[in-house]
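Student: Put together the whole structure using the sequences plus the hints.
There are 2 protein chains.
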Amino acid sequence: MDKIRYGIIGIGAQGSSYARFLTGKPEIPGFELPKGPEHATLGAICDIDEDKKAKYTEIYKDIPFYTDWKELVLSGNVDAVITTVPHYLHTTIAIFCLEHGVPVLVEKPAGVYAKAVREMNECALKHPDVAFGIMFNQRTNVLYKKIREIINSGEMGQIRRSNWIINTWYRPDVYYRQSSWRATWEGEGGGVLVNQAPHQLDLWQWICGIPTKVFAKCRFGFGRNIDVEDDVTIMAEFENGAVGTFITCTHDACGTDRLEIDLDGGKIVVEDSKKATIYRLKEFEQDYNKNLKPEDLFKIMSGNGAGGMYETEEFENTDGWGKQHITVLENFACHILEGTPLLAPGTDGINGVNLCNATLLSAWLSKEVDNPVDEDLYYSELQKRIEEEKNNKAGR
Amino acid sequence: MDKIRYGIIGIGAQGSSYARFLTGKPEIPGFELPKGPEHATLGAICDIDEDKKAKYTEIYKDIPFYTDWKELVLSGNVDAVITTVPHYLHTTIAIFCLEHGVPVLVEKPAGVYAKAVREMNECALKHPDVAFGIMFNQRTNVLYKKIREIINSGEMGQIRRSNWIINTWYRPDVYYRQSSWRATWEGEGGGVLVNQAPHQLDLWQWICGIPTKVFAKCRFGFGRNIDVEDDVTIMAEFENGAVGTFITCTHDACGTDRLEIDLDGGKIVVEDSKKATIYRLKEFEQDYNKNLKPEDLFKIMSGNGAGGMYETEEFENTDGWGKQHITVLENFACHILEGTPLLAPGTDGINGVNLCNATLLSAWLSKEVDNPVDEDLYYSELQKRIEEEKNNKAGR
Numbered sequence: 108m109d110k111i112r113y114g115i116i117g118i119g120a121q122g123s124s125y126a127r128f129l130t131g132k133p134e135i136p137g138f139e140l141p142k143g144p145e146h147a148t149l150g151a152i153c154d155i156d157e158d159k160k161a162k163y164t165e166i167y168k169d170i171p172f173y174t175d176w177k178e179l180v181l182s183g184n185v186d187a188v189i190t191t192v193p194h195y196l197h198t199t200i201a202i203f204c205l206e207h208g209v210p211v212l213v214e215k216p217a218g219v220y221a222k223a224v225r226e227m228n229e230c231a232l233k234h235p236d237v238a239f240g241i242m243f244n245q246r247t248n249v250l251y252k253k254i255r256e257i258i259n260s261g262e263m264g265q266i267r268r269s270n271w272i273i274n275t276w277y278r279p280d281v282y283y284r285q286s287s288w289r290a291t292w293e294g295e296g297g298g299v300l301v302n303q304a305p306h307q308l309d310l311w312q313w314i315c316g317i318p319t320k321v322f323a324k325c326r327f328g329f330g331r332n333i334d335v336e337d338d339v340t341i342m343a344e345f346e347n348g349a350v351g352t353f354i355t356c357t358h359d360a361c362g363t364d365r366l367e368i369d370l371d372g373g374k375i376v377v378e379d380s381k382k383a384t385i386y387r388l389k390e391f392e393q394d395y396n397k398n399l400k401p402e403d404l405f406k407i408m409s410g411n412g413a414g415g416m417y418e419t420e421e422f423e424n425t426d427g428w429g430k431q432h433i434t435v436l437e438n439f440a441c442h443i444l445e446g447t448p449l450l451a452p453g454t455d456g457i458n459g460v461n462l463c464n465a466t467l468l469s470a471w472l473s474k475e476v477d478n479p480v481d482e483d484l485y486y487s488e489l490q491k492r493i494e495e496e497k498n499n500k501a502g503r
Numbered sequence: 108m109d110k111i112r113y114g115i116i117g118i119g120a121q122g123s124s125y126a127r128f129l130t131g132k133p134e135i136p137g138f139e140l141p142k143g144p145e146h147a148t149l150g151a152i153c154d155i156d157e158d159k160k161a162k163y164t165e166i167y168k169d170i171p172f173y174t175d176w177k178e179l180v181l182s183g184n185v186d187a188v189i190t191t192v193p194h195y196l197h198t199t200i201a202i203f204c205l206e207h208g209v210p211v212l213v214e215k216p217a218g219v220y221a222k223a224v225r226e227m228n229e230c231a232l233k234h235p236d237v238a239f240g241i242m243f244n245q246r247t248n249v250l251y252k253k254i255r256e257i258i259n260s261g262e263m264g265q266i267r268r269s270n271w272i273i274n275t276w277y278r279p280d281v282y283y284r285q286s287s288w289r290a291t292w293e294g295e296g297g298g299v300l301v302n303q304a305p306h307q308l309d310l311w312q313w314i315c316g317i318p319t320k321v322f323a324k325c326r327f328g329f330g331r332n333i334d335v336e337d338d339v340t341i342m343a344e345f346e347n348g349a350v351g352t353f354i355t356c357t358h359d360a361c362g363t364d365r366l367e368i369d370l371d372g373g374k375i376v377v378e379d380s381k382k383a384t385i386y387r388l389k390e391f392e393q394d395y396n397k398n399l400k401p402e403d404l405f406k407i408m409s410g411n412g413a414g415g416m417y418e419t420e421e422f423e424n425t426d427g428w429g430k431q432h433i434t435v436l437e438n439f440a441c442h443i444l445e446g447t448p449l450l451a452p453g454t455d456g457i458n459g460v461n462l463c464n465a466t467l468l469s470a471w472l473s474k475e476v477d478n479p480v481d482e483d484l485y486y487s488e489l490q491k492r493i494e495e496e497k498n499n500k501a502g503r
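Taken in sequence, the protein lines are chains L and W. My numbering puts the last residue of the first sequence at 503; the count rises by one with no breaks. My numbering puts the last residue of the second sequence at 503; the count rises by one with no breaks.
I should point out that these hints are in silico values taken from the structure, not numbers from a laboratory. Where is the CB? At the ideal position from N, CA and C, for every residue including glycine. One should not assume that every hint holds.
[To be verified] Straight line, CA to CA, 25 Å or less: simulated SDA-like cross-link-like pairs of lysine to any residue:
hint	chain 1	residue 1	chain 2	residue 2
1	W	Lys406	L	Met416
2	L	Lys320	W	Phe327
3	L	Lys320	W	Ser473
4	L	Lys320	L	Lys382
5	W	Lys500	L	Asn398
6	L	Lys382	L	Val249
7	L	Lys142	W	Met408
8	W	Lys160	L	Glu402
9	L	Lys474	L	Leu484
10	L	Lys252	L	Thr425
11	L	Lys222	L	Glu206
12	W	Lys222	W	Met408
13	L	Lys142	L	Asn424
14	L	Lys320	W	Trp471
15	W	Lys381	L	Met416
16	W	Lys400	L	Asp158
[As the list claims (entries may be wrong)] Sample of chain L residues at the chain W side, in silico, Cβ under 7 Å:
hint	residue
17	Met108
18	Tyr277
19	Pro279
20	Asp280
21	Tyr282
22	Thr340
23	Met342
24	Val350
25	Asp359
26	Cys361
27	Lys374
28	Tyr386
29	Leu404
30	Met416
31	Asn424
32	Gly427
Tutor: Next comes the structure, spelled out in structure tokens:
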């Protein structure tokens, strides 16, 4: 076996992109595809939608199409499965795959509530021989990889503060009306936190660590005809006492994406996920603090900061569209074929779900909560929102 | 009378700058002074420090020098007073001036705790004929003035979110050791919130309104041998439901100053208090939301935001050092002489003090608080910190 045959469960916007990457066949004439993964191909497709069946059996004539995802998993036509389905189903499908020895690459978010994701992870621990990954494609962004390496190396010391504003996903009402499950408590389990921001919720924790406490304010259905959160402000505390903020919304038509991390040894700023600037202090701040003399004060206090104390380095990410997803598809294939380490082990998905759950619970209860939160409490509060949503819809 | 004679109470770093502006006499040879206020001059100086008396009676031979500030106020040598003294004294001196009919320009912050500032403001209301201003010199920054005008005009609609990171004041331990009252609960009543950030606490509220709720985390004596807060993260809620964050610390040697305001009609970003960028949507976001069609979605969702939806305008502030303070000194003089409207009425000082008090109280109690807070509760909590500080000092 030199190529992994992927089975795609759910052939919507994301699933159809993967099909194109894996086959090299653009269904949009004239659309130029990036080079697909070398060690993977398309094995089968599944969807419950009859229109999609008609469409995709026409485009991919030789590829088996299933309407029952369990049939696809057990068909023998696939060496691995990708779950491009509504979020609630990720854990259900992953557990079935793991129990039947079929490698599974889950889409983000790993799930909607921590309880289900924990059960999936426990199942994965029982089946360590079955490959289990998650599509955290943004971990392949060279900027975030490099920043993580710098921070993990310790060369810039401990993190003191981190702030991310990530609003570069404008979603008007027409977007939310695309399908009935979208941006609902029942169908999707949340709004911007479960649909748009999971990558950043993952990257933030991948780079800066897992918060221990969360206070958050969410606006639900702000300017949109939905009941879920579409405007979020998080304040989180980390184990070493560092404080971070994370801001995201879907109504900002001008879009900001700016991550700033303040460390003992300087500062890192990433703008638009495209450009990173490292401000590297020549000594750790603690050492400057210890050694500065009264006569240095005027120099430092006049003007902004102290230019002479640091050097800057810039680097860029120029990855085109599709590159990141293809890298994860290839990595997961090579992991199965050759044991290449996973870019994103499937079990890592729980961190983003935990933080999402803590954020919503804090906003619902109007108080600071521990992270991870009590998963039963979260689940029962979520059920209340599902009930309320039904009543709201009935009243519309 | 064509010039106001200012009496400076407290001739430290700030007071001596004002003396230079008012006399045009630099005590530092070769130092080029900006042009001073046209309608003001130096009437008298007061300080309790004998060394300063020796120094300044030598420099300003014709200017009366007092060691008792009440004597200066009542001397007949001054038409107005400036309070460049430790913050606790601002309200005491201002009340005395108001009661004796002497115009008073208080330094920022207006005071340390809301109770005293409220009493000062009540006194001012009883003496509407006595001019009462506050040195919010940064309100003269053309960027913030223009942004306030834009927002107040309503042309960009309501504010949805505001975020300010203001860390451009690196303060090492040697700074804190300059005088015994600095950065103490007893002497100064706080740290970065009462000393470095009052201008931004004022500007934020001057531009974005007064928060109704505050949740905050503070680090006390982080990396410094002090008991007060030197690292602050605020999450505030405003009357219209908008959420804002405000971040400030004194240990960031690389310094960030970035204000972002998101509105119905676009976005405003100010960097380093020097450059503002206005992203003006061609229609309000609400209208885009209403009118966008499914076929517009792909264009909007691909790439960052939607370039065609807005136009940008940039403007800069190029004010040199001293310009802002001189503008306030001149404005207050013209207010007395000709009734020119005040740039910053003295009573406005309470907003910054309230927000500072709410921030500290929230951090102390680890919960969200209303703004303004219960002033007696704040005062009693402050007294506890003063006691603890005494014990900590005794143990050092």
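Student: It remains to establish, for every hint, whether it holds in the given structure.
Tutor: Going down the list of hints, with the structure as the test:
{"no.": "1", "hint": "W:Lys406 x L:Met416", "in the structure": "violated (44 Å)"}
{"no.": "2", "hint": "L:Lys320 x W:Phe327", "in the structure": "holds (18 Å)"}
{"no.": "3", "hint": "L:Lys320 x W:Ser473", "in the structure": "holds (11 Å)"}
{"no.": "4", "hint": "L:Lys320 x L:Lys382", "in the structure": "violated (30 Å)"}
{"no.": "5", "hint": "W:Lys500 x L:Asn398", "in the structure": "holds (22 Å)"}
{"no.": "6", "hint": "L:Lys382 x L:Val249", "in the structure": "holds (10 Å)"}
{"no.": "7", "hint": "L:Lys142 x W:Met408", "in the structure": "holds (23 Å)"}
{"no.": "8", "hint": "W:Lys160 x L:Glu402", "in the structure": "holds (24 Å)"}
{"no.": "9", "hint": "L:Lys474 x L:Leu484", "in the structure": "holds (14 Å)"}
{"no.": "10", "hint": "L:Lys252 x L:Thr425", "in the structure": "holds (14 Å)"}
{"no.": "11", "hint": "L:Lys222 x L:Glu206", "in the structure": "holds (18 Å)"}
{"no.": "12", "hint": "W:Lys222 x W:Met408", "in the structure": "violated (51 Å)"}
{"no.": "13", "hint": "L:Lys142 x L:Asn424", "in the structure": "holds (18 Å)"}
{"no.": "14", "hint": "L:Lys320 x W:Trp471", "in the structure": "holds (16 Å)"}
{"no.": "15", "hint": "W:Lys381 x L:Met416", "in the structure": "holds (22 Å)"}
{"no.": "16", "hint": "W:Lys400 x L:Asp158", "in the structure": "holds (23 Å)"}
{"no.": "17", "hint": "Met108", "in the structure": "violated (36 Å)"}
{"no.": "18", "hint": "Tyr277", "in the structure": "holds (6 Å)"}
{"no.": "19", "hint": "Pro279", "in the structure": "holds (4 Å)"}
{"no.": "20", "hint": "Asp280", "in the structure": "holds (6 Å)"}
{"no.": "21", "hint": "Tyr282", "in the structure": "holds (6 Å)"}
{"no.": "22", "hint": "Thr340", "in the structure": "holds (5 Å)"}
{"no.": "23", "hint": "Met342", "in the structure": "holds (5 Å)"}
{"no.": "24", "hint": "Val350", "in the structure": "holds (5 Å)"}
{"no.": "25", "hint": "Asp359", "in the structure": "holds (6 Å)"}
{"no.": "26", "hint": "Cys361", "in the structure": "holds (4 Å)"}
{"no.": "27", "hint": "Lys374", "in the structure": "holds (4 Å)"}
{"no.": "28", "hint": "Tyr386", "in the structure": "holds (4 Å)"}
{"no.": "29", "hint": "Leu404", "in the structure": "holds (6 Å)"}
{"no.": "30", "hint": "Met416", "in the structure": "holds (5 Å)"}
{"no.": "31", "hint": "Asn424", "in the structure": "violated (13 Å)"}
{"no.": "32", "hint": "Gly427", "in the structure": "violated (12 Å)"}
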